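Here are the chains, one letter per residue:
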Amino acid sequence: MSTHGQPVLEVTDLTVGYRRPDGRTNEVVWKTSLELHPGTITGLAGESGCGKSTTALATIGYRSPGSQILGGTSVLDGTDLLTLSTPELRSLWGSRIAYVAQSATTALNPAIPVGRQLAQPLGVHLGLKGDELHKRQVELLDAMGLPEPEAALSRYPFQFSGGQQQRVAIAIALSCRPRVLLLDEPTTGLDVTTQARISALLQELVKETGVATLYVSHDLALLGGMADRLAVMYAGEIVEESTAAAVTKTPRHPYTQALIAAVPSIKRPRAVAGIAGRPPTHVVLDRCSFAERCSYRQPACTSEPIQLRELDGGHRVRCIRAEEIAAATRETTALPIPEIKDPTPLLEVAEVWCEYGSRRDGARAVVKGVSFDVRPGETVGIVGESGSGKSTLLRAIAGLHSPVDGAIRLRGNELARTAVQRPRQLRRELQLVFQNPDSSLNPRHTVQDIVARPIRLFREDVTRSKEKDAVGDLLESVKLPRSLAVRYPAELSGGQKQRIAIARAFAAQPTLLLCDEVTSALDVSVQATILELIADLALCFETAVVFVSHDLAVVRTVATRALVMKDGEVCEQADIEQLFSAPAHPYTRELLSAIPESIAAA
Amino acid sequence: MAEADLPPIAGKAPAGAPPESAPPAPSPGRTIKPPRTRYPRLESVLRQLGAALLTLLVISTVTFAATNIKSPTEVARNALGRETSEAQLQAYVEQHGLDDPFYVRYGSWLKDFVQGDWGTSAVTGRDVRADVLPRLGKTLLLSLIALGIALPISVLLGVFMARRVGSWQDLSLLITTVLLAALPEFVVGIGLLMLFAVWLGWLPVDSTSLSFGTTVEKAKAYILPALTLVIAMVPYIARIARGAAQESLAAPYTQAALLRGLSRRTVIWDHAMRNAAVPLVNAVAINLVYLLSGVIVVENVFAFPGIGQALVQAIGQGDTITVQAIALVMGAMFIAISLAADLLVVYFNPRLKAATA
Amino acid sequence: MSSTLADVDVLEPEPLRPIEDDDEARPASAWRTIIGNVEGQIGLVLGAIMLGIILFGRFFTPYSPTELGVGPQTVGPSTEHLLGTDNLGRDVFSRFLTGGDTILIVPLVAVTLAFLFGGSLGMLGAYARGRIDAVISRTFDLLLTLPPLLLVLVIIAGLGTSTIVLVVTVALVFVPRVGRVLRGATQAIVTNDYVAAAQARGERTASILGREVLPNIAAPAIADFALRITYAIIFVATLNFLGLGAQPPDPDWGLMVADSRNFLSVQPWATLAPAAGIAALSISFNLIADALTRHLTRETSKGVVPV
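Protein chains in written order, with this note's numbering: chain A, 1 to 602; chain B, 1 to 357; chain C, 1 to 307.
Some hints here could point you the wrong way.
Computed spacing ranges between beta-carbons, pair by pair [to be verified]:
no.	chain 1	residue 1	chain 2	residue 2	range
1	B	Leu-140	C	Arg-204	50 to 56 Å
2	A	Thr-25	B	Trp-269	30 to 36 Å
3	C	Pro-306	B	Thr-208	33 to 39 Å
4	B	Ile-69	C	Arg-129	36 to 42 Å
The set of hints was computed from the structure by calculation and includes no laboratory data. Quantities reported herein were computed from a predicted structural model and do not represent experimental measurements. Idealized CB from N, CA, C, for every residue including glycine.
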């Protein structure tokens, strides 16, 4: 199992819990063990809530507010970190142990110049001062690839881009040459191209400095490419652990297999398979935590606790049927392709220009002369990184943002700039689903209120008395029980809320559905179910869809045609297959090459 | 009677703006001109000065308008007594130009005021400025003493409570602030009076010794009024400090600072409280308005010979000229303190402080 | 529909979390928050007692509150005069039972006016944004820079001390403050996508403000209402104390404190009783306001880093 001799950090049976308001303790991490070796990256993968961040922070002795370390040891060079006091830990943090947080924008102090933040650990741990300190600061920033390192020292974090901020954070972390490095989703939230560059930088640094690295991420594909060893967490326990190649190419645990199948891939057109149900909110000890969602479930799986066993080749799995389960990925069926019967465009977007900000303070053009069509029943994807203008364009089509020039036509009728000016019939045909399920449903309205509103506004065929039934039917069409109608959004999970949002959109029986990053705020396994749902409903009701996303793979899964946008302009517009197999524009090629290698077998 | 709500942390981008991955570069083509500011700090200072002057103008206008609502003959009658004849009243009106249109009277009053002539009181017959100026000094001293004690105590308390959110220390202090904040200043003043002056007899019952007594007696005369003001302000400011401290102590940058191995003092004060400073100073500046009200009341309770007491007296006597003068002076005093607070905000706000990128 | 969904049907539909007693999920109501909280309970009880005294005390006065010489002057409590008498021989207890009128009514009316006027302006500004919001919030900012007591004193100096002047001036003081709070609360709501969804449906401004925004700002609005009443009570009591609100011979608590200050050492009850009355009334509202602010608007539960 050990690859490079003695581990630098050895974690054994770590158990972490959170105090509940009523005084009881919830375990969120159970008897987890890890080893970190010099110069290697150990990946810790899992969806939100599985306990990976909590585990990682606990291994370096940090207790998040409200959490308690209930058991286990974490040994660094002979000392158990979990028994140390805060002052003792303080001398290790920043010097022998380094931490890079998820979002550099929030982890760098916005009110202190970057140079001083860099100087502080150097002064405290290495005692550097004056010229020597200054030299080292410039050295570090230069090594991270930051332009004009001298000038950068006196700047504030907000004066740098997201990627540059993360480089600074990494510089601070590695400044005192630590033995252990903890990376907590360091590239989440960055653009795909920036992600790729930072990931490359990290790999290089780990090799050069020989630091033992723990990389926490929800992105299995990313970890598959970067890590040496990979552990998958579910419900606070490690369910599979082996070399990264083994876990991603030949997964043995049903959850890992399902997770891989749920991740949209650019190599696997239109195929994605979600995992129904929700992960448990805390550890499940008396049986398999994944059993209720597992398609290989047997009575033995729910009657006794399941241990982590080692299979041949140092591959550890927490499943009693691991040998039987073929080391293959789960079956995925391609989503059905809608047939385009009518070539006349349903939606025409002609030379639309949009701006942000008022003329007085300096307006910026965010959409510059974009044109495209959507035919009835077809799904068109719009891909772009942040700042490309794709969301603004969608909002302009919806009537939420007034374009300054250009025209938008629905079935030949020119649409007014704001929704409130448009005739009811046209408003009915165009419905919107938003990115964040937490903010798209009014917390003070019940599900019934929310879904019935468009019915009441737009559906003349449904009388008041029939409304309840209509809502019930819609809930069933999004695979939710009718009884959900009386609940409030706060009682539902993210996936359920997004389904309600979709039900609300289809309630008006639209001919065109606008989707704004609708899966970006959801966990991978839930994403897939939502994508399946939208594709099926669109086919069923013959609704055209405009699907905006920053994720190329997601777009590949649902769309038949796509546009690539950058800085407000359309770089390329083509059928999906052509776009992915023979991209014409250099930017498209850059995007495609930045995506981490697909993890599924062909 | 102060504000406990917290303005948002300055510089946070509104949710509607599109996220950016690079600093905004002027894009070619259809863009209109980029934002004009090349010296953000200077511009904001100038802007604040301008706002301060405008406010002063508004205060003076409102003051003048309100005190001059009475008809000219009424003012004359007030000054000369009830038994004066019509002719004498008319003469007085003409002599003092009370017949002139509003803006003429306002303009001439303002001009005189700025030049140092604050008028002669119709009630006491003395020069207003000579009476008011010495009082101003005492009021300023009292205010500054109270602020100087209340602010540090409040901030320390706030940080103390924030670090122990939800604990029994935090909760009991919170309840104390709720109870104290609900008490009007004069109730606090009377209460302290009863305790220290009447019951224990340690301190004087009122501040009249400021005009006649020895230096020690004069110093003692400041204690109870200042203490009252401190007790009136601390619950509000401590609450605000607690909120600001809590938010920054829970922020990711504080966690990051801790995980860099920095000392406790550095993490709390250099990293966390530096960010808390902006909303804190903002909120305290807003609350300074109430310091002014507090001073007026406290001077009244303790017969403290400052401009607050003079103001109330003047209103009671119908001495409009004195009222005008004092109102403007108090307004100016308050604006000066607010301006200082605003400048502090600029210092702490990195986006305004930074030179052009 | 499609065949892929059949696989999903095999597994159980997503189980719903059962509603637990201390559930934070259901939207809270103001009433339940007050009732369910010790602080709120004490505030309610105290407030009810004070309301009782103020509203109904006048039916139980042993003497007339304004009649002079019903007893010896400046004498401490006795069986005939439960709280003693003041320097004009008036019964302090009777005056206490009838002295809370102005301090309760004026704040209630003034704050309600401030909410109706300032609140709607604030909501409108936050929703409409752009030029309208700029005008509204600039006006608020300007009004906020005027020191309240100073402003009220000056206006009273000119317009006299009638109740109407008092109510309108106090309301005026609070309009920009309430407006700012509700504007802030509305701004937080308006950026949510469910408001955008309503706009995309083409709903009108009034409908959106009423259906989507209002229920969500009810919580901070109610909490702020209780808080403003507290401040208004303090404010009006102070004005009365300074002799600029209620006038003698009204048995107003603020006036009583001012009048009896001079014989504090001889007959403290003439000062203590009204002062305690003011304090109790104001504290009760502040307790309710604090209970609402901390539990209804749910203090950010994000934990403080263990430095």
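Taking the hints in turn, this is what the structure says about them:
At about 54 Å, the CB distance of B:Leu-140 to C:Arg-204 agrees with the hint of 50 to 56 Å. For A:Thr-25 paired with B:Trp-269, a C-beta distance near 33 Å keeps the hint of 30 to 36 Å intact. At roughly 53 Å, the beta carbons of C:Pro-306 and B:Thr-208 sit outside the given window of 33 to 39 Å. Checked against the given bound of 36 to 42 Å, the beta carbons of B:Ile-69 and C:Arg-129, roughly 38 Å apart, stay inside it.
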